[in-house]
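Peer 1: Residue numbers (the working numbering), protein chains in the order written: chain A, 29 to 648; chain B, 3 to 203.
These aren't lab readings, by the way, just hints derived from the structure by calculation. One or more hints might be untrue.
Incomplete in silico selection of chain B near chain A, CB under 8 Å [claimed, not checked]: (1) Pro13; (2) Ala14; (3) Tyr40; (4) Glu41; (5) Asp45; (6) Val48; (7) Gly111; (8) His155; (9) Arg156; (10) Ser160.
Quick reminder that beta carbons are idealized off the backbone N, C-alpha and C, glycines included.
Chain by chain, the residues run as shown.
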Amino acid sequence: MVYLAAAIVFVPLAKKMGLGAVLGYLIAGIIIGPSLLGFIGREGEDIMHFAEFGVVMMLFLIGIELEPALLWRLRSSILGLGGLQVIISAAAIAGIAYLVGQPINTSLALGMILSLSSTAIVLQTLNEKGWMGTSAGQSAFSVLLFQDIAVIPMLAIFPLLAGNAAADAAPHSASLRDNLPGWAQTLVVLGAVAIIIIAGRYLVRPLMRIIARTRVRELFTATALLMVVGIAVLMNLVGLSSALGAFLGGVVLANSEYRHELESDIEPFKGLLLGLFFIAVGASIDFRLIMEQPWLIMGLVVGIMALKGIVLLLLGKIFRLSTDQNLLFAFALADIGEFAFVLLSFTSQTRLMSKEMTAMITAVVAISMALTPLIMLLYEKVIQPYYTRSEVKAEREADEINEKNPVIIAGFGRFGSMTGRFLRANGINATILDLDSDRVDALHNLGIKVYYGDASRYDLLVAAGAKDAKMLIIATDHAEQTLEIVRMAQRYFPHLQLLVRAENNEDTFELMDLGVLHIYRETVDTSLRVGVDALRMLGGRAYRSERAARTFFRQDERTLKGLSALRDDKKQYISSMKERIDEMEKLISSDRVKTWLDEGQGWDPESLRDEIRGEKIDEE
Amino acid sequence: MARVLINFAHPALEKSRVHSQLLRVVKNIPGITFNDLYEQYHDLDVDVAREQKLLEQHDIIFMQHPFYWYSAPAIVKQWIDLVLEHGWAYGHTGKALQGKYFSNIITAGGAEQSYQPDGHHGHTVHEFLLPFIQTAKLCNMHYAAPFVIYGVHRQDISDIQEDTVQLKQVLERLRDDKFDLTPLPGLENLRQILQLPAQTR
Numbered sequence: 029m030v031y032l033a034a035a036i037v038f039v040p041l042a043k044k045m046g047l048g049a050v051l052g053y054l055i056a057g058i059i060i061g062p063s064l065l066g067f068i069g070r071e072g073e074d075i076m077h078f079a080e081f082g083v084v085m086m087l088f089l090i091g092i093e094l095e096p097a098l099l100w101r102l103r104s105s106i107l108g109l110g111g112l113q114v115i116i117s118a119a120a121i122a123g124i125a126y127l128v129g130q131p132i133n134t135s136l137a138l139g140m141i142l143s144l145s146s147t148a149i150v151l152q153t154l155n156e157k158g159w160m161g162t163s164a165g166q167s168a169f170s171v172l173l174f175q176d177i178a179v180i181p182m183l184a185i186f187p188l189l190a191g192n193a194a195a196d197a198a199p200h201s202a203s204l205r206d207n208l209p210g211w212a213q214t215l216v217v218l219g220a221v222a223i224i225i226i227a228g229r230y231l232v233r234p235l236m237r238i239i240a241r242t243r244v245r246e247l248f249t250a251t252a253l254l255m256v257v258g259i260a261v262l263m264n265l266v267g268l269s270s271a272l273g274a275f276l277g278g279v280v281l282a283n284s285e286y287r288h289e290l291e292s293d294i295e296p297f298k299g300l301l302l303g304l305f306f307i308a309v310g311a312s313i314d315f316r317l318i319m320e321q322p323w324l325i326m327g328l329v330v331g332i333m334a335l336k337g338i339v340l341l342l343l344g345k346i347f348r349l350s351t352d353q354n355l356l357f358a359f360a361l362a363d364i365g366e367f368a369f370v371l372l373s374f375t376s377q378t379r380l381m382s383k384e385m386t387a388m389i390t391a392v393v394a395i396s397m398a399l400t401p402l403i404m405l406l407y408e409k410v411i412q413p414y415y416t417r418s419e420v421k422a423e424r425e426a427d428e429i430n431e432k433n434p435v436i437i438a439g440f441g442r443f444g445s446m447t448g449r450f451l452r453a454n455g456i457n458a459t460i461l462d463l464d465s466d467r468v469d470a471l472h473n474l475g476i477k478v479y480y481g482d483a484s485r486y487d488l489l490v491a492a493g494a495k496d497a498k499m500l501i502i503a504t505d506h507a508e509q510t511l512e513i514v515r516m517a518q519r520y521f522p523h524l525q526l527l528v529r530a531e532n533n534e535d536t537f538e539l540m541d542l543g544v545l546h547i548y549r550e551t552v553d554t555s556l557r558v559g560v561d562a563l564r565m566l567g568g569r570a571y572r573s574e575r576a577a578r579t580f581f582r583q584d585e586r587t588l589k590g591l592s593a594l595r596d597d598k599k600q601y602i603s604s605m606k607e608r609i610d611e612m613e614k615l616i617s618s619d620r621v622k623t624w625l626d627e628g629q630g631w632d633p634e635s636l637r638d639e640i641r642g643e644k645i646d647e648e
Numbered sequence: 003m004a005r006v007l008i009n010f011a012h013p014a015l016e017k018s019r020v021h022s023q024l025l026r027v028v029k030n031i032p033g034i035t036f037n038d039l040y041e042q043y044h045d046l047d048v049d050v051a052r053e054q055k056l057l058e059q060h061d062i063i064f065m066q067h068p069f070y071w072y073s074a075p076a077i078v079k080q081w082i083d084l085v086l087e088h089g090w091a092y093g094h095t096g097k098a099l100q101g102k103y104f105s106n107i108i109t110a111g112g113a114e115q116s117y118q119p120d121g122h123h124g125h126t127v128h129e130f131l132l133p134f135i136q137t138a139k140l141c142n143m144h145y146a147a148p149f150v151i152y153g154v155h156r157q158d159i160s161d162i163q164e165d166t167v168q169l170k171q172v173l174e175r176l177r178d179d180k181f182d183l184t185p186l187p188g189l190e191n192l193r194q195i196l197q198l199p200a201q202t203r
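So here's chain A without its partners, still in its complex pose:
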């Protein structure tokens, strides 16, 4: 209960402060942990074992989301970037550890453990900030993926590394392979992996089919849980990490038709347990240890992160990321990941490391994880604006030579690029602003003048010539950013015509509230074109179908405007939405009598026919 209460208090707080949920869990853990308030005592470690199951489930889900096709598409950055990152970082850390007098096996284990980054924290943060689509985000994702996979061989290698050390260790768990030599242990491990793959391929699908046929949803959830638990138990039996097994199980099931079903069943358990896991991590930070050797621990944290950061920066350069993207890439991945805990518990089981050292590294890992969201915050607030400003300054000089363009386009993704290309084809030059620096560079190489930067910034709009331009086309991906640009433009450049892309009806309403006149809902035209083609393929006349779509579109826009006017009162909105749907239903059902879609009454001879029929009767 203490855990849940702590989570409820701290996670929203952390989110509010822009730190992200992960950091919230960690802080909650630190505060209720034995070091501070002491609500939870030593049982924290037990909780941690329990909560590790959250990690198991996370890996299962990561596995299930890993489509082979996606892997194949990213293969060069996964293998190249990811592989090099893990190998170089691991080698560098291991080398330093060896130099300061650690035995070679321990050094290697340390290197491997510390080379990993935190998938949970990094992906979560990248998603929150909307950086996933940037090239740095993609690269980071690739590296994380490779790391997730690299855990498997690492777990398999550790028993070999521990070979000597484990010999004199008393058997601590009833594992099948205790009395086997090192090579046989590895063989057992591989055998278990094979079992999972084969079972996943040939056993699970028929089983799922039977379960699905019963149509009892709880049964499905139970099966999914049973599957994960079963894998975990099997893995424990052979003395392997259950997380690894779950990951494998997930990958095997990635192409199964029950994939989404499984995902949604496991997801809530994972979220809860992972939160618990993070709290446990926070609680496990031993502040007494840190107080005893503050400089050593902080030094280790800073040193390792700096080392990893440098390796990442070098790799980013080799793989041609632009400077600011490269910095984001390095900042994101410089931390040490949650896998480290898994691996650490494994090393302490196999007695690769001493208890004190494990405790110390745990603290280091936890601190570095806690620092990650802070570092990303630093990047967002300090480094990104710096690059935005400096690039614009450099561009502005070039701009003075050229004439000012009448059109500014903010956002040159799949939406804005189409508009921009169309205008260009018609001889209209536009100044283009975009937030993806790599795309900016690529367009530069094609001879298209593009500014890197956030169009909601006043100075950037000035530099782009907003004072003399006639219109601003806002085609950015994120609704919030769009709204910011609109507000900025309305306040400082009221003469600009605004043509704004909206993603859905909700965005449209907000733009209407801001008084934007020209709003373009992004998929409306396409879906109506589909409708037109469908009508035609069903035998409708081309011209009539086209007109019907245009009429429908106008009607829809009218409805939307009407709804927008009523929207301030939420209740009224809902009831009126319902009324509109009722109205629409009535209209549609009246189609056959006199179609509301048809405004071509001039072409309808029916009334003339009626009149003439009337004359005929008169004559008779």
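Once you've looked at the hints, dock chain B against the given chain A.
Peer 2: Quick look at chain B alone, frame taken from chain A:
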């Protein structure tokens, strides 16, 4: 090479009784090219090159349409504006259409007697068709007599069927290479060729 081309224009065919009947037959006469303008150009963007090529390939060109407001649906005007280019259809070098026959296949709401100087509409259909006649002339074509179906709002199924059969017969005669076209401009209504003795050149 097909001899007869029909450029058909109706913006609301689903509401038409006569044209939908006519089409069923006209479309399927072998050796006649049927070109549905509204279906082809629902956005009114006429493909000039395609249309000119079609014109070059035929000797007798019909515009088939309802007689909206003593004229034709909008796309027919669009078609004339864009396809009959200066230097191609008319002007010193515009000889592409020279010697071809041009005419209309028309459905009119009013009865035949209403299209008289003393009738409801005050003029004959021929008089109303003056822009088409002069257009043909300017493009070095002969304007043949139009095929007019009067009083379509009063027609019942059997009337429509009769007209359909007649149009089919007319088109089949024209399609036949042996048929002499020279008397066509002198006729009042194209269906009169059915009364002419079967003639050969």
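Peer 1: Each of the hints needs a verdict: does it hold here or not?
Peer 2: Hints versus structure:
no.	hint	result
1	Pro13	holds (5 Å)
2	Ala14	holds (4 Å)
3	Tyr40	holds (4 Å)
4	Glu41	holds (5 Å)
5	Asp45	holds (7 Å)
6	Val48	violated (13 Å)
7	Gly111	holds (6 Å)
8	His155	holds (5 Å)
9	Arg156	holds (6 Å)
10	Ser160	violated (16 Å)
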